[in-house]
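Colleague: If you want the building blocks of each chain, they are given just below.
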Amino acid sequence: MKQTNHSGKGSRIRGVLFFLVLILLFSLVSRFFIFLSSEEGRKGMHMRDYIYTALGEERKGSLDLLVTGNSESAASYSPLEAYTDQGIASFNASAYRLKMQEIYLMVENTLKRQKIKVLVLETLSLTEPVEENEALEALMKGEAEWVFPVFRFHNIWTHGLDPLDWQPAMWKGYIIRTQVKRPKNMGLYMHPSDFFYDLPPANIRMLDRLLRLCDSKGVQLILYSAPSPQNYDMKKHNTFAKLAEERGLTYLDLNLLTDQVGIDWKTDSLDAGDHLNICGARKVTAYLSEAVKELEPDLPDRREDPGYSDWEEAAASYKKEADAGARKVMDRLAKRRARWQKAARKQAQGQG
Amino acid sequence: MGYNELPFLFGFLPLALLLFSITPRAKRKYILTFLSWTYFTICSRYLLVWLIGTTLFIYIMGLWIGKVGDRIPENYEVLMRKGPKEGSDVDLRAVKKEHIRHKTLMLVSVLTLFGVLLVLKYTGFFVDQLNGILASAGKVPVVAPKLLVPVGLSFYTLEAVGYILEVYWKRIPAEHDFWAIALLIGFFPQTMEGPIARYGDTAKQFIAPEPAVPRNLQEMTSAAMRIVWGMFKKIVIADRLNTVVAYLFDNYQDQNGVMIVVAAVSYTVQLYMEFSGMMDVVIGSARLFGIRLPENFRQPFFSQTASEFWRRWHITLGAWLKDYLFYPVAASRFSKDLGKKVRKKHGRHAAKLATSALALTPVWLFNGLWHGAGWHYIFYGIYYLALLLLEQVIDPARDAFYKKTGINRKGKGATLFRILRTWLIIFTGELFFRADTMGAGLHMFGSMFKNSGISRLFDGTLLHLGIEGADWIAVIFGTVVVFIYDVLIERGFSMKNWIWKQKLPVRWLLYYALIVAVIMFGAYGTGYEPVDLIYAGF
Chain U
135 MKQTNHSGKG SRIRGVLFFL VLILLFSLVS RFFIFLSSEE GRKGMHMRDY IYTALGEERK
195 GSLDLLVTGN SESAASYSPL EAYTDQGIAS FNASAYRLKM QEIYLMVENT LKRQKIKVLV
255 LETLSLTEPV EENEALEALM KGEAEWVFPV FRFHNIWTHG LDPLDWQPAM WKGYIIRTQV
315 KRPKNMGLYM HPSDFFYDLP PANIRMLDRL LRLCDSKGVQ LILYSAPSPQ NYDMKKHNTF
375 AKLAEERGLT YLDLNLLTDQ VGIDWKTDSL DAGDHLNICG ARKVTAYLSE AVKELEPDLP
435 DRREDPGYSD WEEAAASYKK EADAGARKVM DRLAKRRARW QKAARKQAQG QG
Chain A
38 MGYNELPFLF GFLPLALLLF SITPRAKRKY ILTFLSWTYF TICSRYLLVW LIGTTLFIYI
98 MGLWIGKVGD RIPENYEVLM RKGPKEGSDV DLRAVKKEHI RHKTLMLVSV LTLFGVLLVL
158 KYTGFFVDQL NGILASAGKV PVVAPKLLVP VGLSFYTLEA VGYILEVYWK RIPAEHDFWA
218 IALLIGFFPQ TMEGPIARYG DTAKQFIAPE PAVPRNLQEM TSAAMRIVWG MFKKIVIADR
278 LNTVVAYLFD NYQDQNGVMI VVAAVSYTVQ LYMEFSGMMD VVIGSARLFG IRLPENFRQP
338 FFSQTASEFW RRWHITLGAW LKDYLFYPVA ASRFSKDLGK KVRKKHGRHA AKLATSALAL
398 TPVWLFNGLW HGAGWHYIFY GIYYLALLLL EQVIDPARDA FYKKTGINRK GKGATLFRIL
458 RTWLIIFTGE LFFRADTMGA GLHMFGSMFK NSGISRLFDG TLLHLGIEGA DWIAVIFGTV
518 VVFIYDVLIE RGFSMKNWIW KQKLPVRWLL YYALIVAVIM FGAYGTGYEP VDLIYAGF
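Those sequence lines, one after another, are chains U and A.
Those letters in the first sequence? Residues 135 to 486, per our numbering, in order.
Those letters in the second sequence? Residues 38 to 575, per our numbering, in order.
Next comes chain A alone, as it looks inside the complex (with noise of 0.2 Å):
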């Protein structure tokens, strides 16, 4: 039951409401979870046990580790360095011990959390590399096990590890309550396709939510239209585009020059729709109950530079990977070694460079491989390591080059070249990112230089790829919309107060516009296939 079926949005999610709306405000987190592990029960059936098994998991190791974290007194480290202090009774065997014991069960959390992930998730893929190393080798090939994957497995398995680390490093203190770990990883709208929450973003409000229904009109209709507003990029041009997204990548081998570059503009156009549509059905849902879920796209396609885009793209999952893997690995005395190592030899350029790509590697090599089993997943963790570290690497020269031409690099010319630059860069991680494997890929990327037939673009092909002429208009319609949004967004105009300080009729006219939009321009009903949801596929 995606957020985007008449199932969940006039079915689920109003008797949610509902329930939760009459239930005591003390109360609500035991019905929360209630409707959360239904929501799970109805898109897993009894893979729920991997759900309510990671809650129990995360929910006792937690409580162990603040407790042993107790026992360590925070000036350990000084501690260590230099010895207790005259007179002190401090046992620094004990401490010691203490903080391995801390350590260990901080590890067992998180492997145990992330071997489930790659177990349930990684097995199929890892049998396969195996069998083709068998089959070079004239061996019998192994036979993968069939696992079911839970909805959500690789988001809530973030979230729960996320926890673990915060208690560890005592940023929080161990949550006592157990709905509240049992919605951080659990709640109904993020579980398909996050945000990644953290434990400091929602547990709070988990424990005594304050509805929106029935008490603030202004918050409920604002939660309202933003979900109408996410089904409009969904199903008004993401679903359009996924006729043409499918044929062409699944005939790629017929495909070259500009319908590469259709292929990949189309796919990315879809991409964005699709997943910031969804977090504006989750987001908005979970406004309705109460609940503020962290933003996930600011207005990505207007970054200047490809770490600005990870910044501003899937931004729960990139701040997850910087505050996880990249400041742990950059702290890390390996890291300050090799730093210094570098300075002293090659400048201090060079020690920033090899730092960072020292822990950018795990970061991106990881991120490739969260989205999925396959060698096109690596290779764009890599595509976009390469790009990050070039961006370091030409540092000092753009710099020069700008003051050499005195060129204004704060320019509207400047700033439009970096983003269309940044756009290329995109467009091309998408081509792999899309293609069913690496292969596919690289023989579309080769393709895109042959022949490039830029006539093609208006002599009618375009009508050839599953869509007519009309819904060509709908998605260029539709993208124009989300645009000039996003422009407006991006110049800092709250469209949500604007909208509430019109005039009552001239509100609603605007609500019944875009709900009359979306059920027009919609590509639903007959002659069109109902589209997955991509990222609950990750």
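The shape of chain U in the complex, shown without the other chains (with noise of 0.2 Å):
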């Protein structure tokens, strides 16, 4: 075929527009993918995009705290008891393996809809294993998808097809778990050490820039580490208690202070010590909500807020399906303990 040259303005100007023609279509496929995310779409999301998308639901400016990390924050802050307890409207934006750089990039883009007075993050995201090359990927993904919301949500269509596709009940970012297993060892828990853990680097540059991000808009940033006999040690903790202490950083280790907060890990443990379950989560947010409330005193109370009878209502529901989870913790471990009475006994039995 002739080779036509099409060299010149009129190509250059051809190219910019595609561009923008480009630019524009993704920002209407974006919009239509958001609009069903609202509905249908919203079935069978992945955790992450789920949490993503009920925290861009929230009323503009109405949020003051904001608690990211990984699956450890998950399950261990609630939003609607630290409301009930000292009235902050919080949430919690946290998700299983979630990275630094989509936290930092969750956070920059929070901060335009809500200020945020206060940033909780639980550490252990800090030691999720990223390479340079990913943390790069990592956030230009993430980057595209805040710009282009089709790149998060173009998963969308295949949500429908799917009968089992389902969502759980999420209160602020929260969700409910009863599940209860006590950790089967609690090993070298805490035990004193002198040795430090190696942080990825890429995740201690993404810390950094969320701190300079934070300062820019005036929020504190507050880290936190979640009870885990199966995540912390010491060698933990004294790398974050550093890593704070160099940044003038307030670091709050729960694993120290599992007597003041009150966890009893045969009754608050999810999966033997890798997580907490509703009881578990109950104690970390009253104890972490008062902390807080501690640090930063100008956290407005919302609870005699008008704006905020949502919220209320929210609470009201949010504390019916806790009590009721928590009831569901203390009948599983009754009837766990009742079958192993039950299997004592018999073995009692064929021994006389």
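In case anyone wonders, no lab produced these hints; they're calculated from the structure.
Bear in mind the structure is a predicted one, so any value in this text is a computation, not a measurement.
Think of the CB as a built atom: it goes at the ideal place given N, C-alpha and C, for glycine as much as any other residue.
Treat the hints loosely; a few may be bogus.
[Claimed, not checked] Result set (DSSO-like, lysine-lysine): computed pairs, CA atoms no more than 27 Å apart in a straight line: (1) U:K143 / A:K540; (2) U:K143 / A:K538; (3) U:K143 / A:K533; (4) U:K318 / U:K469; (5) U:K351 / U:K246; (6) A:K64 / U:K143.
[Unchecked claim] Which bits of chain U does chain A cover? Going by a derived footprint, with three or more residues having C-beta under 8 Å, they are: (7) 143-153; (8) 273-281; (9) 285-292.
Please dock the two separately framed chains into a single complex, following the hints provided.
Modeller: Structure (structure tokens):
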């Protein structure tokens, strides 16, 4: 075929026009996908996207505190509990294996709509293994998803097709979990150590970037470690304590404060000391919200604010569900105990 | 940083293109080398020293071999057989000495290059075999040293050996421009997965590349759309199938009958979509820099025989093996003598078979081992060796069959039968290729004939392999689209020319449709694990 040389100004204009139309197309498709995400599309949505969607639907300027991190914070902080106890309007934007790069972008974009006063970051996200290239990939993907939501919601078309897809009830980002399993062996949980843990440099860089962002927006950044014998030890504590000290941040390691928090490993762990269930989350939330209130006295009490009547309703509904969840935990334990006693009796009779 | 990753597609590639475009034409080889070495460093860090070392080595050895070769007369063989013409002052002894030197230099170069490949890539495998022997003898096992393998080692070693042999055979003069050699084996779009370029294909283009950007809009658009098309194959089809393939092969002991067939077919489709898709990205990326890389695929699933399949699948590897291994062995004195002896005793067909077997055996053993250090890879090579020899053995019988039955061998029915038979061969080969071990491959092959359970294709079992119904729809839709495209190309249709003949709005509509299809149907984002490039692992 004859090669046409399309050089010159015309082709350059056409090239620019092509990309402008493409951007317009992405925006239009994104809007369509956001529309879909509010209906059936939410079924089967990945937990991170489900939470981000709910966060985006919070009334503009209504949130004062944001808790974020990976599954440790997802399972340990309940915003409506903090609202009931301290009147804090908060949201738990945490998800399984959330990377620091994703957290940064989420906070950056949330701050465009919300006037957050305190950001509480669960520290285990800082340990998430990430190579330099993966960090760059996560940032680029994340940026694209925030600019053109079609990149985040592109799988929505699959959700309606699978009848098994569903979503659990979410309470300002928190999902009530009622399973219970005590840790088998506490091992060397928080035994003294002088060693430190190697954090991926890309994550430390991201923390510093997050800190700069918080400083520029007047947000207080607080670090906390959720109680978790499976994930924490003194090596990690030393690392996070040093990291916080060097940056002038408050660090609350609840693994060293389990007595003050009131953690009972027989009743409060979801999965043998990895995550907390509703009982553990209630205790951590009570402790954490009180501590945050002390650290940031300007945090408003929204319980008297008429603009938060919907929060009152949500808190009332949540309380019913959370109480039922806590009872379920206790029932499960009682049933388990009864089974063991029965088995022990049988064994004793057999021996007799 | 894989070619399918955002940092490459939207970071490194555009930046490289920008740098390249603002550099004067005469200096572009420097910037291309800089970009290529930067890319290599991002992927393999300090292992760049291996690439630079290889570049320097073949540059110097190439010049040396070329220089010595120049002192050997063209008619060396005749000269040695018949002696110098009367009155000629040719010193036969000196010429012979140069000839030996020439050959020694070539051998040292080739052995060094393969030696590095062998040590870095296969030490673990050889130590494992040794430990097996030591264990059976009750001796203490040897600890294998942990060696880091630079990205693309298998690919650039073949390119380097090819260059040395071409210079040795005097098919090309030794290259005096270091940067041409650096780019011949290190050009960044082909670092990870090839294609295995020859000096004649690319080297001269590197010295003064004519960029597609920004001068030729048609070239630029075609190159960019080829990248998008490659991404369609990779993230819509291959990455979705990865979950199914990993599940079935990881849990192979729980699978039998039709599920083994699903595993073999899924992996074959995944491999084709991924490898050919990445070749589209690689060739498209290179085109943006004005470099034409050789094609690596030519609709392989339309092959009617196993040998044709290998002329259409990973073409540059097949061509490399043919030119640098098959022909030299087939043209060797030993092969010729063997042919003569067998012809005398058993006839022409047997002689052809014997010489083919002699030349094909190293080719297929090499092919298997090149893909990786494992018995299943060696078996994969032997499998194709056996099939290719079988093709030759039954040649006369097949001709006789067509003659006797009167079946038109070029008819649609016979052609379709041969294509489907080749599919069977391909799927079986890929089953062993993907299996983790030889034992796993044999187990899976044996399980295929137990409890066929065809109903599992329709009773929802396929929805419990890690992907849902919607994913299967995307895979089937994508595969059908690629199949239709391949049919059109096979029939000589040029998509590039056809698109370019359309009016601007139609063209743009097609481009946008492809881009949106990749974004909407791609298996990426939350819930999908990124999938490493398969051939980059070889």
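Colleague: Within 27 Å, alpha carbon to alpha carbon, are K318 (chain U) and K469 (chain U)?
Modeller: holds, 19 Å
Colleague: Given the hint that K143 (chain U) pairs with K533 (chain A), does the C-alpha gap stay at or below 27 Å?
Modeller: holds, 23 Å
Colleague: If you count the residues of the segment 285-292 of chain U with a beta-carbon closer than 8 Å to a beta-carbon of chain A, do you get 3 or more?
Modeller: n = 6 at 8 Å, threshold three: holds.
Colleague: Do the alpha carbons of K351 (chain U) and K246 (chain U) lie within 27 Å of each other, as the hint requires?
Modeller: With a Cα-Cα distance of about 10 Å, the restraint between K351 (chain U) and K246 (chain U) holds, given a limit of 27 Å.
Colleague: Against the 27 Å threshold, does the CA-CA distance of K143 (chain U) and K538 (chain A) hold or violate the hint?
Modeller: holds, 21 Å
Colleague: Between the segment 143-153 of chain U and chain A, see if three or more residues pass the 8 Å beta-carbon test, and mark the coverage as holds or violated.
Modeller: Coverage by chain A holds for the segment 143-153 of chain U (5 residues, Cβ < 8 Å).
Colleague: Does K540 (chain A) sit within 27 Å of K143 (chain U), going by the straight-line distance between their CA atoms?
Modeller: holds, 19 Å
Colleague: Holds or violated: K64 (chain A) and K143 (chain U), Cα atoms, limit 27 Å.
Modeller: At roughly 26 Å apart (the allowed maximum being 27 Å), K143 (chain U) and K64 (chain A) satisfy the hint.
Colleague: Count the residues of the segment 273-281 of chain U whose Cβ falls closer than 8 Å to any Cβ of chain A, and tell me whether that reaches three.
Modeller: holds (count 4)
The structure shown violates none of the earlier numbered hints.
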